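Line by line, the protein sequences are chains C, V and X.
With our numbering as the guide, the letters of the first sequence map in order to residues 1 to 130.
With our numbering as the guide, the letters of the second sequence map in order to residues 1 to 231.
With our numbering as the guide, the letters of the third sequence map in order to residues 1 to 275.
FYI, nobody ran anything at the bench for these hints, they're computed from the structure.
It should be emphasised that the depicted structure is a prediction, and the values quoted were computed from it without experimental measurement.
One thing to keep in mind: the hints can contain errors.
Unchecked claim - One side only, chain V facing chain X, incomplete, derived with CB under 7 angstroms:
#1 ASN50
#2 LEU52
#3 MET65
#4 ARG69
#5 HIS72
#6 ALA73
#7 ARG81
#8 PRO85
#9 ASP99
#10 PHE100
#11 PHE104
#12 ALA177
We put the beta carbon where it would ideally sit given N, CA and C, even for glycine.
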Amino acid sequence: MKWSFSNDLPIYAQLIEQIKTGVATGAFPRGERLPSVRDLAMEAGVNPNTMQRALAQLESEGLVYSQRTAGRFVTGDEERIGEMKRSLAHGHIRAFMAAMNSLSIDREEALALLEAEYRKETGEDEHSDM
Amino acid sequence: MNILTCKDLTKKYGRKTALDGANLTIESGHIVGLLGPNGSGKTTLIKLANGLLTPDNGSVEVCGMRPGRETHALVSYLPERAVLPLWMTAAQTVDFYADFYTDFSREAAQEMLAHLQIDPKQRIRQMSKGTREKVQLIMVMSRRAKLYLLDEPIGGVDPATRDYILNTIISHYNPEAAVLISTHLIADVEKILDDVLLIRQGQVVMQAPVDRIREEQGMSVDALFREVFKC
Amino acid sequence: MLRKLMKHELRATGRVMVPMLLITLICAVGGNLSVYHLVESGSVVLNFLGIMLLTAFFAALAGTFIVSFVLMIRRFYQNLLRDEGYLMMTLPVTVNTHVLGKLLVSVFWAAVTAITALLAMFILMFELEYVDLIFYDLGEMLALLQFDDLYLMDYAGHAALFVIEVMLLLVAADACLCLQLYAAMAAGHSFTHHKGLFSVAAYFVFAAGWSILKNGAQRVFYLAAPDGIRLGLQNISAFAATHINMLAMLLLTVIPAALWYAVTIWFLKHRLNLD
């Protein structure tokens with residue numbers, strides 16, 4: 001999975017966000033074992049302590065759990081994951097709304113544009129064997 | 001446990017004061033960045049920690065000891081310049097380190113040399129600058145030391161090598177050791193640091209965790225550095 | 001640690017010294033050829049070739065001595081006081097060990113060079129006819145030592161002791177020279193600028209200092225020595241006198257050597273200034 005970081009936010013916060021996204025997209029499948037802290041840190045190119053901090057936070061939120069010697073696992077709890085997905089989606093939606101606002105595009109126009117884009121995507125799928 | 005402590009560390013060269021009462025503490029398990037402009041005292045500080053210079057005032061201690069033969073065995077030092085004898089081959093360099101450092105892993109060094117496709121029979125003299133730096137880094141990181149002092153480890157190398165070096169530092173992370181990285185290239189290195197030490201005109205003006213700086217100042221350390229040290 | 005340092009030091013210096021020594025020996029063979037067959041032959045060409053070979057030999061011989069000397073200086077300077085110093089002076093090794101290691105290897109090569117020179121001269125002069133003569137002479141010498149002439153035995157004994165004393169003195173003198181140069185370099189390098197100049201100056205200052213000390217001590221000795229000792233010294237045998245003389249020379253070489261050693265160590269421990 002691809003890690004990307006911005007400069008002005010704390011790294012551990014961004015790690016939490018990206019791991020959550022990874023769980024949502026299935027890059028970290030539910031119920032499956034996560035790579036070790038060191039391996040994750042190497043993958044992401046970050047300090048292992050920072051990665052540890054992020055994982056500890058995710059543990060306290062119940063998204064991951066650790067088993068003594070076996071390592072860390074993504075929760076199997078579908079509901080929890082669903083909740084998290086929705087929360088992430090919520091974040092993206094608010095960001096979208098803020099962007100539309102700054103462009104002075106009102107609710108109706110925004111929804112219409114959104115509809116059109118979705119239709120275009122499914123429309124392309126129908127005509128995909130050209 | 002405290003791996004490196006400096007108390008009111010002062011060093012003068014004639015009339016010029018390189019370090020003016022520097023204070024800092026680095027604990028085990030931390031990767032710390034030593035950031036500051038040229039002439040701020042970074043290299044002097046590292047030389048003092050290595051026992052290559054003696055303080056005029058104050059003290060520097062590694063694992064509670066004054067720099068000397070015992071601390072040399074605990075400290076793995078990557079100097080900024082090329083220091084390996086030119087006549088040696090890569091294999092002889094491995095021999096050398098293995099002979100003098102009990103914490104040196106021959107296998108690790110040989111593996112890294114192979115991974116980077118460096119011919120063990122090639123002489124340092126015949127290597128490009130970048131390859132020499134890689135060899136030096138390999139030797140330093142193949143030791144299981146308590147304190148790693150890296151002076152500008154990613155300075156003159158290409159981005160791919162830079163990534164490799166930073167990766168090597170992360171992969172060798174040891175909760176019982178500390179790493180001090182002195183560098184200008186803050187943006188590249190920020191993500192792997194726990195804390196940063198900002199040094200200016202021989203004094204440590206700030207010691208803080210990277211994430212705290214980002215949270216409180218709302219900017220990266222790189223950006224903060226540019227502000228603090230604006231010309 | 002000393003052994004390991006010396007192993008690497010021998011590796012570093014052997015690469016230069018061994019070829020030089022081998023070249024000298026090979027040139028000695030060439031020289032031998034030249035002396036006995038080429039130089040006084042009828043042909044001008046062969047004469048010339050003979051002279052070239054002899055020149056080559058003496059050049060190689062002189063060159064090897066010079067290289068041995070320069071290498072000794074260069075190794076100390078290059079390996080401990082320049083960029084390599086960042087590597088060496090951060091090893092878990094005491095300054096004492098560093099200096100001792102360099103000193104022992106330098107004296108080693110000086111000795112090897114001297115022995116090779118003797119061997120080379122021998123090869124140069126070697127002729128099959130001589131072998132007979134040598135063995136004949138050796139036979140005669142051994143016959144002389146037939147333990148029935150006490151005076152000869154005594155003489156042989158003292159001669160042997162003398163030879164040993166001379167060799168010790170040569171080794172001590174070489175060590176003293178090395179250490180004198182090490183001390184000068186260590187002192188000169190402690191300055192920020194003009195390190196080379198200060199090293200040369202240090203050499204002369206140290207030499208002058210020792211000279212003054214030595215002269216002063218000698219005068220004090222003569223003035224203060226009680227008459228008994230002076231008279232006693234005038235009445236001893238030639239053998240004893242020689243040995244005492246050698247002992248004195250040895251002491252006058254070893255004492256300054258120890259002094260330069262201490263000076264070198266002090267500067268490297270307290271005034272190391274790698275730039």
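Each hint, compared with the structure:
Interface restraint check for V/ASN50: the shortest CB-CB distance to chain X comes to about 5 angstroms, inside 7 angstroms, so the restraint holds. Annotation: V/LEU52 was flagged as interfacial toward chain X, and the flag holds, the nearest CB pair being 6 angstroms apart, inside 7 angstroms. Below 7 angstroms, beta-carbon pairs count as interface contacts, and V/MET65 has none with chain X, the closest being about 12 angstroms; its hint is therefore violated. Of the supplied interface hints, the one on V/ARG69 holds, with its beta-carbon coming within about 5 angstroms of a beta-carbon of chain X, less than 7 angstroms.
Interface hint at V/HIS72: satisfied, since its Cβ lies 4 angstroms from the closest Cβ of chain X, which is below the 7 angstroms cut-off. A cut of 7 angstroms between beta carbons decides the hint on V/ALA73: the least distance to chain X is about 4 angstroms, and the hint holds. Hint status for V/ARG81: holds, given a least beta-carbon distance of 6 angstroms to chain X, under 7 angstroms. Interface hint status for V/PRO85: upheld, as the beta-carbon distance to the closest one in chain X is roughly 6 angstroms, under 7 angstroms.
At about 5 angstroms, the closest approach between the beta carbon of V/ASP99 and any beta carbon in chain X falls short of 7 angstroms, and the interface hint on this residue holds. With 7 angstroms as the threshold, the beta carbon of V/PHE100 comes within range of chain X, its nearest partner Cβ sitting at about 5 angstroms, so the hint holds. Against a cut-off of 7 angstroms between C-beta atoms, the interface hint on V/PHE104 is violated, since the closest Cβ of chain X lies about 11 angstroms away. Evaluation of the V/ALA177 hint against chain X yields a violated restraint, the C-beta minimum of about 17 angstroms exceeding 7 angstroms.
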